[in-house]
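K.L.:
Sequence:
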Amino acid sequence: MTLDAPTPQAPPERHFLQTALANRSFVIGLVITAIIAAMALLSFMWTPYDITHLVVADRMKGLSLAHPLGTDHLGRDILSMTMIGARNSIAVAIVAVGIGMGLGVPLGTWAAARGGLVDEVLMRFNDLVFAFPALLSAIMITAIFGPGAINAIIAIGIFNVPVFARVARAGALSIWPREFILAARAAGKSKTLITIEHILPNIVALLLVQGTIQFALGILAEAGLSYLGLGAQPPMPSWGRMLFEAQTRMMIAPHLAIFPGLAIVITVLGLNLLGDGLRDLLDPRLRRER
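Following the UniProt record's numbering, the numbering of the sequence shown begins with 1 at its first residue and continues without gaps.
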């Protein structure tokens, strides 16, 4: 009787890559997000036209070889403005999500570790902050400090803090009763050390998926604030401000609103698909179902 040689197993990294490429949501979302990010990065080095150069004679022209997306009411190239608008929207969303994650995750994990009165007080304060949406927070902040991209970032970031605090707390609470956590406590490790060494690595996938979702919401929030004049100020273009400037010219030049609107829709769609794909790939329960 002969024994068959064991079948070689693929490395975990290769298996994950194969699974990721087989996930349509992940692939489509990643491609869309990569294209938008590449367009934003390219705008730092090159745009078809200088957006500060006004050519009144070319105002509100339609699509052409010289201006693939047309021009606005001041003769500026819409493609160039859309590219720079992508840079501003992504930058605001990244910093705002970073603020939310940087403050919310420590608060959520600390509340889960301490429990009792500390947990109750932090969560009630979390609910109080969560009751004020980003738009209302931005209105209050700009009433004090004036409109601008920095104030929009602060407003969106503050709104993201309770979101990440809740997610981190829920994930941490599901891990604290596990056997390996009990073993770590029996070995004399402090709650802080356990949180750093064991809790955070086990909820990083959850936070990554939530960060992708909040990034998409950050894009929408920045566009909404800019539409109301609370975000990036002229002459810096923003997708939301482009929509605001186009609303009175929809009948004579619909392309002024179509392209920035499509940019917002496509970007948010790509990020949502990417988040859904990451959730499918990183959630072990979903992997078992598949």
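The hints are simulated quantities; they were obtained by calculation from the structure and are not laboratory data.
It is possible that part of the hints are untrue.
[Said to hold, decoys possible] Simulated restraints, written as ranges between beta carbons of each label pair:
#, residue 1, residue 2, range
1, Arg178, Met140, 37 to 45 Å
2, Leu42, Met250, 27 to 35 Å
3, Ala186, Gly146, 52 to 60 Å
4, Leu74, Leu117, 54 to 62 Å
5, Phe44, Pro133, 14 to 22 Å
6, Arg249, Leu135, 47 to 55 Å
7, Leu63, Ala131, 27 to 35 Å
8, Gly115, Arg249, 56 to 64 Å
9, Ala20, Val55, 18 to 26 Å
10, Met251, Leu17, 46 to 54 Å
11, Val55, Met251, 21 to 29 Å
12, Gly229, Ile196, 53 to 61 Å
13, Ala20, Arg249, 38 to 46 Å
[Said to hold, decoys possible] Simulated pairs of lysine to aspartate or glutamate, EDC-like, Cα-Cα distance not exceeding 20 Å:
#, residue 1, residue 2
14, Lys189, Glu179
15, Lys191, Glu179
16, Lys61, Glu179
17, Lys61, Asp50
18, Lys191, Glu245
19, Lys189, Glu120
Because the structure is a prediction, the values reported are computed rather than measured.
Beta carbons: idealized from backbone N, C-alpha and C, even for Gly.
K.L.:
Look at each hint and say if it fits the structure.
P.N.:
So, going through the hints one by one against the coordinates:
1. Arg178 - Met140: 37 to 45 Å: 42 Å, holds
2. Leu42 - Met250: 27 to 35 Å: Given range 27 to 35 Å: holds, Cβ gap about 29 Å.
3. Ala186 - Gly146: 52 to 60 Å: 55 Å, holds
4. Leu74 - Leu117: 54 to 62 Å: 58 Å, holds
5. Phe44 - Pro133: 14 to 22 Å: Cβ of phenylalanine 44 to Cβ of proline 133: about 32 Å, so the range 14 to 22 Å is violated.
6. Arg249 - Leu135: 47 to 55 Å: Roughly 25 Å apart at Cβ, these two residues miss the hinted range, so it is violated.
7. Leu63 - Ala131: 27 to 35 Å: 45 Å, violated
8. Gly115 - Arg249: 56 to 64 Å: 57 Å, holds
9. Ala20 - Val55: 18 to 26 Å: 46 Å, violated
10. Met251 - Leu17: 46 to 54 Å: Taking Cβ atoms as reference, methionine 251 and leucine 17 lie about 50 Å apart, which means the hint holds.
11. Val55 - Met251: 21 to 29 Å: At 23 Å between Cβs, range holds.
12. Gly229 - Ile196: 53 to 61 Å: Given range 53 to 61 Å: violated, Cβ gap about 43 Å.
13. Ala20 - Arg249: 38 to 46 Å: 43 Å, holds
14. Lys189 - Glu179: Measuring from Cα to Cα gives roughly 14 Å; hence the hint holds.
15. Lys191 - Glu179: 15 Å, holds
16. Lys61 - Glu179: 67 Å, violated
17. Lys61 - Asp50: Answer holds: lysine 61 to aspartate 50 is near 17 Å, not above 20 Å.
18. Lys191 - Glu245: Violated: lysine 191 and glutamate 245 sit about 53 Å apart, past 20 Å.
19. Lys189 - Glu120: 24 Å, violated
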